[in-house]
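Trainee: Note that the protein sequences, when read in sequence, are chains A and B.
If you use our numbering, the first sequence corresponds to residues 1 to 396, in order.
If you use our numbering, the second sequence corresponds to residues 397 to 651, in order.
Don't read these hints as lab results, they were simulated from the structure.
Check each hint, because a few of them may be wrong.
[As the list claims (entries may be wrong)] Straight-line distance between alpha carbons at most 27 Å, and here's what the computed BS3-like set of lysine-lysine pairs gives: (1) A:281 <-> B:458; (2) B:514 <-> B:525; (3) A:297 <-> A:131; (4) A:298 <-> A:281; (5) B:637 <-> B:624; (6) B:444 <-> A:281.
Source: prediction; values computed, not measured.
Here is what each chain is made of, one letter per residue.
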Amino acid sequence: MNERIRADFPILKDIIYMDSAATSLTPEPVLEAVLSYYREYNANVGRGVHRLSQVVSQKYKDAHRKVAGFIGANEGEVIFTKNTTEAINMVAYGLNWAKGDEIVTTLLEHHSNFLPWLRLKEKGVHLKIVKPNKAGLFELSDFEPAMSDRTRLVAVTQVSNVLGTISPIKEISAICKEKGGEDSLFLVDGAQSAPHIPVDVGELGCDFIAFSGHKMLGPTGTGVLWVKNPNELEPTLFGGGMIESVSKDDYTLAGGYERFEAGTPHIAGGIGLGRAVDYLKEVGTGEIRDYEERLAKKLLEGLQSIEKVQVYGSTNLSERIGVISFTMTGLHPHEIALMLDEASDILVRSGHHCCMPLMDYLGLKDGTVRASVYLYNTEGEVDTFLETVERIAKVV
Amino acid sequence: MLKEFKCLKFREDTFVEAKHKVIKEEPLSISINGRHYVTAMISPHMMKEFVMGHLFAEGIIKSIDEIESLQLEDNTANVIITHPLKVLAARKIIVSGCGTGSSFLGESKLPKIRSSVKIEMGDIIAGVKSILHSQVHDITGGVHLVGLFDKSNRKYVQICIAEDIGRHNALDKVIGYGLIRDIQFEQTFVASTGRISSEMALKCSVANIPLLASRGATTSLAVELAEKTGLCIIGFVRGEKMNVYTNAERISDGC
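Extracted from the complex, chain B is given alone in its bound form (with noise of 0.2 Å):
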């Protein structure tokens, strides 16, 4: 994940020679039954997590039985999937349904999220504030972190913490790790570092996770959608606060 290199720090009024651990940057070729489908820079950690997320969380399969084979090798990850056709689909859908202009062409392919778990604030509090210690962004100060979070004994628990460069790669991440254990994504939340943007609320959208947190802000284009989806957007989760954009009926305790 991490990778040393020489640079000049400033330091009162001079530059002195020093190393410093960035953050891994690499390109991730995607293939799907022989043809290119996407180059993705991405952190190179849960790569297999990554691509069944990234297919899934874009329509490309409904579930990871329609990936027949998914083979990894250096930056490429080459899928065979067993409706090649719905690249093509999936393409028409979500690039003209969400992410130029300010309607959306697509609304009645807009997936609704199937859900009727309440969740806790406390639980939401303690997510958001559970993801922010990471070693990797403590060297780095360059990592975005997107945590999952499930229910377990009417508690909830971090089952998966994905890093990335990326907060799509990342949620992509922990997506792929619920698909691959077969996590019931309607009574989950994620929890993310970084701001939701449209995008990230369409990837919960089409997992049927319910609820999306983070530390950070949101979008117009987010919150509309979510309006649309039954996705639950909630940002600047700091300290006891939060603000609740759409469907607060997801939390319990009065919000």
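The shape of chain A in the complex, shown without the other chains (with noise of 0.2 Å):
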């Protein structure tokens, strides 16, 4: 499938991208979606007679069936959001706090599933923090004692961006909706998921499911925040778009994702994710999840076979995805990410990625260097960036 696909970004010519987990690349057909918009029907959405505006509602509407279907959603529960970390937050500002709720989450979250929680400390809202092991994983009974009927919210991410390590959401809903009762909610940061491995979200059991269309794809400034029961959640923005009606002293807003997207939105955007995860769906999720595995076991034994070379995150491939950190001895992980690219032009992310209370919790204060790849990867890729980090082992 690899060089069909690779035809589809020419910017890897003259580059080796291995940071997808940051942002992923955007195929041609993805920047042809997004370019017709601007050349040939241009105009907002939701607000015409005439026939451009129909045309771009038509699609910007289909864009959002095209994304529900990709999670085994309906169109009216799937809102067009800037990134993930907007959709979270819109969860996070839309829900009704009380002096005294509970929210678990864990330290394997991104700080955007963090962030926004900690927050709410300020309205006496507790946060509870469950803890995964070394390798990045999950005792389910860890999560048992957090919750209790005082439990309001379990936010837990998927995939960690840091291990690449799958947390096991089925059963971790489970137990949100046993232990912390009928009404709590689950949240799942879907932004290393969605892109990688088949969602489905009647599966996974869960009440929101936040995730990037810039890492699936998708153009910049796109995330998806997917609702279960929309009518449950308040918009964060008001204005234009949203509303069925408006009279001098009040208003009904809109049904289904409309009312969380007030303003004029990102158009053009919404109709590229939606190309995108058509061109996901043609290449089979399924297909990427085996190609990765793939990838992704040759970068982890290449890696662990490297003197000097520690690798973080379970090993089991089952219970990961190619998204590998790993550090060396007596180099500073922003170094090794320099001379990769100065090396081999091989680009990866370095630092603590946007998770600092797990880097802590690891022990590793300047952070890991992150390799992390896509279906556009090859495995000659990999060989050369095992090479070169062998060779800048050997001159430490």
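Both chains come to you apart, so use the hints to assemble them.
Mentor: In structure tokens:
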């Protein structure tokens, strides 16, 4: 599948891109979809009767439908946001919190699924933090004591953006519903999972899932919040396009996703995201998962065999994706990243990966180097990467 | 499909207040690429099939892959097709070619049915008979039925039946049904309860359906058109009898 796919990413001709966990590359069909909006039917959505307005409204709605289909949801439940961070904040701001409410989250979380909850301490909300083991895996029994009848929300990432490990979401959801009471809600941070493994909201048993369009071949400035019951979440922004009617004294909100998308949205981006999920579906999410597993295996085995290199996270391929963190004795992660770029045009991420609490827990004050692969990477690129890391290790 | 109304029934020299269920008729406005294309009066059932079948039978799309998006909401169908200019082209061919006089102005553009299928008389008789049983028709007395028949193990079986206030609409619906399921029309036939007009004949010809049979009559223009497209038109299929007007070679068993 790879040669055909690589032709859609001309940017790859000069670089080896292994930073997809930060943002993915954008294939030509997505760029075409974005450009065709500006070139062929540039108009605002839902606001006019003229022909372009009708066409763009239909395409923008189709994009929601496509994304909904991608995660096994219904169209009206999928809200377009600018990224995962905004999506999670919409939940943090859109629920009514009472003093004494409890939120259960974990030490594995990206700051975007941590700070919005930490901030709620000001409102008297208690935060309970479940720790994974050092390999990034959870004992399910650790969640049970964290939950009580005061648990209002459980917020857990499906895949760690540092360690690549997959959390047992279905099982945590069951505990949430059993121990946390019927009213407790379950939010999944799907930023690293939706692009790489098949996600079905019905199977996960969650109430919210947030993910980023730009990490799954979509344009930057696109993200998604799926809400099981849109009527139970308050919108955070008010204004144009999100109402059914307005009078001098009152207003009635529109139904479905529209109530959460006040103002002119990122129309071209949304349409591009719709094309991106079509692209992923055409390749096949199962095929992508299998392919990345092969790359991850090669990466893991290769890195583990290099002296001075320490690899973090579980090495069991069934419980991780192709996001691999490592360090090297004697070099700062930023130095390694710069050397990879200089020596072999390999682009990786280095630092704390917006996970400072996790870095503290793992005792990694300088963070890690993170190589993350996607459907457009090749085994040849992995070979080049491993050879370069080995060369770097020898000169330390 | 049904809506109940009060009515006065005249029985034995006097009016009696009663209720009667009538067949629903609703407008469906179809927009293509943001522009109004047509408003059809139809029975609100199999709407998606209707829109797809209609666009195909009117020559606006050659396959459903050309439909990029179809959204049905209330009484509107918004369609985005990949070749918007085809709307203009299709109108020109069909309107000027087939509805405006005794000769076909656009004759060179008429479709030619590509099919070598031979259908047995028994299958045709059974097909026309099978579409007569309709609960909606029994209640309302006001519905047309069109059935699509496909070959399965050398016998023809009904794969779809559509009810509508209009014969053309019902035909569009079964064509849409076939398109969605990728039915090979060249080996199918259609049975209808209503008159076979030129429009019915043209729709079948465009869809490459080789045979159209009805319990009812046909028209001069339909017969003339069918002679040119290769469609076999059969009228008055009642009991064991039928009138074959065109292309009898599509029937096996000596007709």
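Trainee: Hints first: check each against the structure and report whether it holds.
Mentor: Structure-based check of all given hints:
1. For the proposed pair residue 281 of chain A and residue 458 of chain B, the alpha carbon gap of about 25 Å is at most 27 Å, so the pair holds.
2. This hinted pair checks out: residue 514 of chain B and residue 525 of chain B have alpha carbons roughly 19 Å apart, not beyond 27 Å.
3. Only pairs whose Cα atoms come within 27 Å are accepted, and residue 297 of chain A paired with residue 131 of chain A is accepted, the gap being roughly 26 Å.
4. For a cut-off of 27 Å, the pair hint linking residue 298 of chain A to residue 281 of chain A stands: about 25 Å separates their Cα positions.
5. For the proposed pair residue 637 of chain B and residue 624 of chain B, the alpha carbon gap of about 25 Å is at most 27 Å, so the pair holds.
6. In summary, the hint linking residue 444 of chain B to residue 281 of chain A is supported, as the alpha carbons are separated by about 24 Å, within the 27 Å threshold.
Violated hints for the displayed structure: none, as all numbered hints are satisfied.
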